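Peer 1: Residue-level listing of the chains:
There are 2 protein chains.
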Amino acid sequence: MKLIPDNLRAEINLRMDSLRRHMREEGADALLVASNPNLYYTTCRFFRGYVYIPVEGNPLWFVIKPNVFDSENDVVLIRKPEMIATELVRLGYKSPMAVGYEFDDLSYSDVSRLKGIFPEAKVANGSKILRKSRMVKTEWEIDRMKEDGIHQAEVYRRVTKCYQEDMTDLEFQIEIERVLRREGCLGVSRTSGNLMDINMGSVIAGENADTPSPYDFTMGGAGIDPSLPGGANGTTLKPGETVMIDMNGSFNGYQTDMTRVWSIGEVPHIAFKAHECSRNILRALEQMAKPGVAVADLYKKAMEIVEGEELSQYFMGHRQQAAFIGHGVGIELNEQPVVMARSKDILAENMTIALEPKFVIPSVGAVGVENTYRVTPSGLESITIFPEEIQEL
Amino acid sequence: MKLIPDNLRAEINLRMDSLRRHMREEGADALLVASNPNLYYTTCRFFRGYVYIPVEGNPLWFVIKPNVFDSENDVVLIRKPEMIATELVRLGYKSPMAVGYEFDDLSYSDVSRLKGIFPEAKVANGSKILRKSRMVKTEWEIDRMKEDGIHQAEVYRRVTKCYQEDMTDLEFQIEIERVLRREGCLGVSRTSGNLMDINMGSVIAGENADTPSPYDFTMGGAGIDPSLPGGANGTTLKPGETVMIDMNGSFNGYQTDMTRVWSIGEVPHIAFKAHECSRNILRALEQMAKPGVAVADLYKKAMEIVEGEELSQYFMGHRQQAAFIGHGVGIELNEQPVVMARSKDILAENMTIALEPKFVIPSVGAVGVENTYRVTPSGLESITIFPEEIQEL
Numbered sequence: 006m007k008l009i010p011d012n013l014r015a016e017i018n019l020r021m022d023s024l025r026r027h028m029r030e031e032g033a034d035a036l037l038v039a040s041n042p043n044l045y046y047t048t049c050r051f052f053r054g055y056v057y058i059p060v061e062g063n064p065l066w067f068v069i070k071p072n073v074f075d076s077e078n079d080v081v082l083i084r085k086p087e088m089i090a091t092e093l094v095r096l097g098y099k100s101p102m103a104v105g106y107e108f109d110d111l112s113y114s115d116v117s118r119l120k121g122i123f124p125e126a127k128v129a130n131g132s133k134i135l136r137k138s139r140m141v142k143t144e145w146e147i148d149r150m151k152e153d154g155i156h157q158a159e160v161y162r163r164v165t166k167c168y169q170e171d172m173t174d175l176e177f178q179i180e181i182e183r184v185l186r187r188e189g190c191l192g193v194s195r196t197s198g199n200l201m202d203i204n205m206g207s208v209i210a211g212e213n214a215d216t217p218s219p220y221d222f223t224m225g226g227a228g229i230d231p232s233l234p235g236g237a238n239g240t241t242l243k244p245g246e247t248v249m250i251d252m253n254g255s256f257n258g259y260q261t262d263m264t265r266v267w268s269i270g271e272v273p274h275i276a277f278k279a280h281e282c283s284r285n286i287l288r289a290l291e292q293m294a295k296p297g298v299a300v301a302d303l304y305k306k307a308m309e310i311v312e313g314e315e316l317s318q319y320f321m322g323h324r325q326q327a328a329f330i331g332h333g334v335g336i337e338l339n340e341q342p343v344v345m346a347r348s349k350d351i352l353a354e355n356m357t358i359a360l361e362p363k364f365v366i367p368s369v370g371a372v373g374v375e376n377t378y379r380v381t382p383s384g385l386e387s388i389t390i391f392p393e394e395i396q397e398l
Numbered sequence: 006m007k008l009i010p011d012n013l014r015a016e017i018n019l020r021m022d023s024l025r026r027h028m029r030e031e032g033a034d035a036l037l038v039a040s041n042p043n044l045y046y047t048t049c050r051f052f053r054g055y056v057y058i059p060v061e062g063n064p065l066w067f068v069i070k071p072n073v074f075d076s077e078n079d080v081v082l083i084r085k086p087e088m089i090a091t092e093l094v095r096l097g098y099k100s101p102m103a104v105g106y107e108f109d110d111l112s113y114s115d116v117s118r119l120k121g122i123f124p125e126a127k128v129a130n131g132s133k134i135l136r137k138s139r140m141v142k143t144e145w146e147i148d149r150m151k152e153d154g155i156h157q158a159e160v161y162r163r164v165t166k167c168y169q170e171d172m173t174d175l176e177f178q179i180e181i182e183r184v185l186r187r188e189g190c191l192g193v194s195r196t197s198g199n200l201m202d203i204n205m206g207s208v209i210a211g212e213n214a215d216t217p218s219p220y221d222f223t224m225g226g227a228g229i230d231p232s233l234p235g236g237a238n239g240t241t242l243k244p245g246e247t248v249m250i251d252m253n254g255s256f257n258g259y260q261t262d263m264t265r266v267w268s269i270g271e272v273p274h275i276a277f278k279a280h281e282c283s284r285n286i287l288r289a290l291e292q293m294a295k296p297g298v299a300v301a302d303l304y305k306k307a308m309e310i311v312e313g314e315e316l317s318q319y320f321m322g323h324r325q326q327a328a329f330i331g332h333g334v335g336i337e338l339n340e341q342p343v344v345m346a347r348s349k350d351i352l353a354e355n356m357t358i359a360l361e362p363k364f365v366i367p368s369v370g371a372v373g374v375e376n377t378y379r380v381t382p383s384g385l386e387s388i389t390i391f392p393e394e395i396q397e398l
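From first to last, the protein sequence lines are chains L and E.
Following the numbering used here, the numbering of the first sequence begins with 6 at its first residue and continues without gaps.
Following the numbering used here, the numbering of the second sequence begins with 6 at its first residue and continues without gaps.
There could be a bad hint or two in this list.
Same chains, same label: a pair holds when it works inside one copy or across any pair of copies.
Claimed, not checked - Below, computed lysine-lysine pairings styled on DSSO-like, alpha-carbon distance capped at 27 Å:
hint, residue 1, residue 2
1, K85, K349
2, K127, K295
3, K305, K85
4, K70, K349
5, K305, K70
6, K349, K137
7, K133, K120
8, K137, K295
9, K295, K305
10, K85, K133
11, K120, K166
12, K85, K70
13, K127, K99
14, K295, K306
No lab work stands behind these hints, which were simulated from the structure alone.
Keep in mind that this is a model prediction, so the values were computed, not measured.
Turn these sequences into a full structure, and let the hints guide you.
Peer 2: Pasting the structure below:
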């Protein structure tokens, strides 16, 4: 079996070209990839092994497991990473001068071991190279994310049917999870780093929405156990509350991130006002966010609108407020750029970002909309197309 | 709100005593904990922050998020890890000489940053200290795992009701997931390292069971997408196949690991023979596995039994065979010890290990039993109590 099917060769080559541009910027003449998300990025597959990318010359794929892949010109079967050095010599590759390792994506032990393969070479932060490259998607990647958006919207269309009176928030979430899985959701939410922990998503309602999160999510919720402090807490859904649904959009190795809000019975006016403010922010940013615009300016624009509406005390949380309103999304849920005041990133065409200006109204719940967008020359194109109004359950 | 509730103080102290013993062995006079699983181990909570454990003196908890915890004698609110050094001076702690950092559990970047807090100190592998300590459970931890086992068995009791003729393996899994979640399963499977990726578990049947895994799981399966190559592949369940169910047992921050097998229609004799061999292995190891016994000897004993039954070609996989038959389990699914030929570990009372001698019979499916056990002076005590025979769907 071929590690990289013929129909993906051109796609992989595009990614290699992009990586090589960023390698040159970071002064690395080779990149050694080993983390699961980055193996997927450089191969369109998950396997146990390594990808070696020289800034000039062909990349090599070193495979340990599974044992189903054929050895080919550029696919080398190995038992352990230390074999990479001798295999490179055998294949006539010259020794690299400066190697990028995934400082942010691999453990200290793993990077230390890999550094031993090229003891003479200088080191660079390969995670930075990969992150920058992954930030701008190819057409193929955007097509995968559009598929995710279509599936996710199809599930959100059926959310109302998952609801029954006197359900708990958790029971509601479980029925949505089932619909998601039957729609093809893979049931994993890949996140980067040590600062997130989530099951298939977040359903928060009423008072629970104002429980601060220990994680780098915008919203909180107590969860049902101290070992997973986030999301639904098992309380019965009541009239007068909003229910915010922010569930898993992973159907194919990529993912979209989408949030919508439902209401039960009569909900105070302030909730609708804040929800409309969120939509106004999205409309403003959709126009404004073009290639060349500073990401930080999106954040500032959102804050201006919120202050103009005198809603600052509820924005991005109430008891605890998140300092960002959006993030890149793709193979992982928390990619670059982060939409925050101190961002140094500049928007580029085909970045994909989730924008989620949200509000927490104490004892009512959370409101606001989250869409995943592609950056185009004329502004943002949403790939999570679904009505944005608060819908009654 | 108190970070550590009064009723957990004694429990935390037990863990600190254990950690200090292993710190002395590794020559560390302080341990700085930051990974999610180890924060949970040292706090019984998830938060964003750090635990500083001196080999003599009281531990300190440094909390960044969430903002709901009170500052107390031993709970210090900080904004960034660099503040730890000055806080230690303020509180009269002496500078550590050798600090353990989580080399295996934190990224290269994170460890490098933390090392900057104590630039003069020597470094040790704190992951090793934590892993050794976590390997032996307290009574409180074992009680949590017993709860998991009871919930997991309750779900397995309802597996038959999840099945309908002409279902796919995936549809079957989705119904089991729903029952699991309604039973209180948290829906996450915490694993250590870069070598695993799984949603709520594995349901494999028929030919699909013989698809090799890229991961460090004993069993494989193709999955439904190249981005998550494991488990159910969406094919319709057919008479003559076995269905192996190895689903998530996480209900409370700990977890149990349990596998049972169901059959559809008439299944070849070889499947029953191999399944009984698995049970015989478990019976033999249950007797043999007492404190002081080498973990490697459990593996050798299992191999002997398999060879005696002439089932080696099917053991632990067929096209690809795993080189271990069990593993520690607790906060994470893949804890120490690993039950393999080259293990150097010695069994101790109150270790908790999952043993999973399994067979893959080509075009029939996988068979075998997995239980989670506690090591006692008289052998293994199962905490996943559920009938072991192959049951017909």
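Peer 1: For each hint, tell me whether it holds in the structure or not.
Peer 2: Going down the list of hints, with the structure as the test:
1. In this assembly of identical chains, K85 and K349 lie within 27 Å of each other by CA distance solely across copies; the values are 20 Å between and 39 Å within a copy.
2. In the homo-oligomer, the alpha carbons of K127 and K295 never lie at most 27 Å apart, since the shortest distance is 37 Å inside one protomer and 49 Å across protomers.
3. Only between protomers do K305 and K85 lie at most 27 Å apart by alpha-carbon distance; the minimum there is 24 Å, versus 49 Å within a single protomer.
4. For the homomeric pair K70 and K349, the shortest alpha-carbon distance between copies (24 Å) is at most 27 Å, but the shortest distance inside one copy (39 Å) is not.
5. Taking the shortest alpha-carbon separations for K305 and K70, only the inter-copy value of 24 Å comes in at or below 27 Å, while the best intra-copy value is 47 Å.
6. When the C-alpha separation of K349 and K137 is checked against a cutoff of 27 Å, the pair qualifies only within one copy, where the shortest distance is 12 Å, while the shortest distance between copies is 42 Å.
7. Proximity of K133 and K120 under a CA criterion of 27 Å is satisfied in both settings, with 17 Å inside one chain copy and 21 Å between copies.
8. When the C-alpha separation of K137 and K295 is checked against a cutoff of 27 Å, the pair qualifies only within one copy, where the shortest distance is 18 Å, while the shortest distance between copies is 52 Å.
9. For the homomeric pair K295 and K305, the shortest alpha-carbon distance inside one copy (15 Å) is at most 27 Å, but the shortest distance between copies (63 Å) is not.
10. For a Cα distance limit of 27 Å, the shortest separation of K85 from K133 qualifies both inside one copy, at 25 Å, and across copies, at 22 Å.
11. When the C-alpha separation of K120 and K166 is checked against a cutoff of 27 Å, the pair qualifies neither within a copy, at 54 Å, nor between copies, at 53 Å.
12. Proximity of K85 to K70 under the C-alpha cut-off of 27 Å is restricted to the intra-copy arrangement: shortest distance 10 Å within a copy versus 39 Å between copies.
13. In this assembly of identical chains, K127 and K99 lie within 27 Å of each other by CA distance solely inside one copy; the values are 15 Å within and 36 Å between copies.
14. With identical chains, the CA atoms of K295 and K306 are at most 27 Å apart within one copy only, with a shortest distance of 14 Å there and 65 Å across copies.
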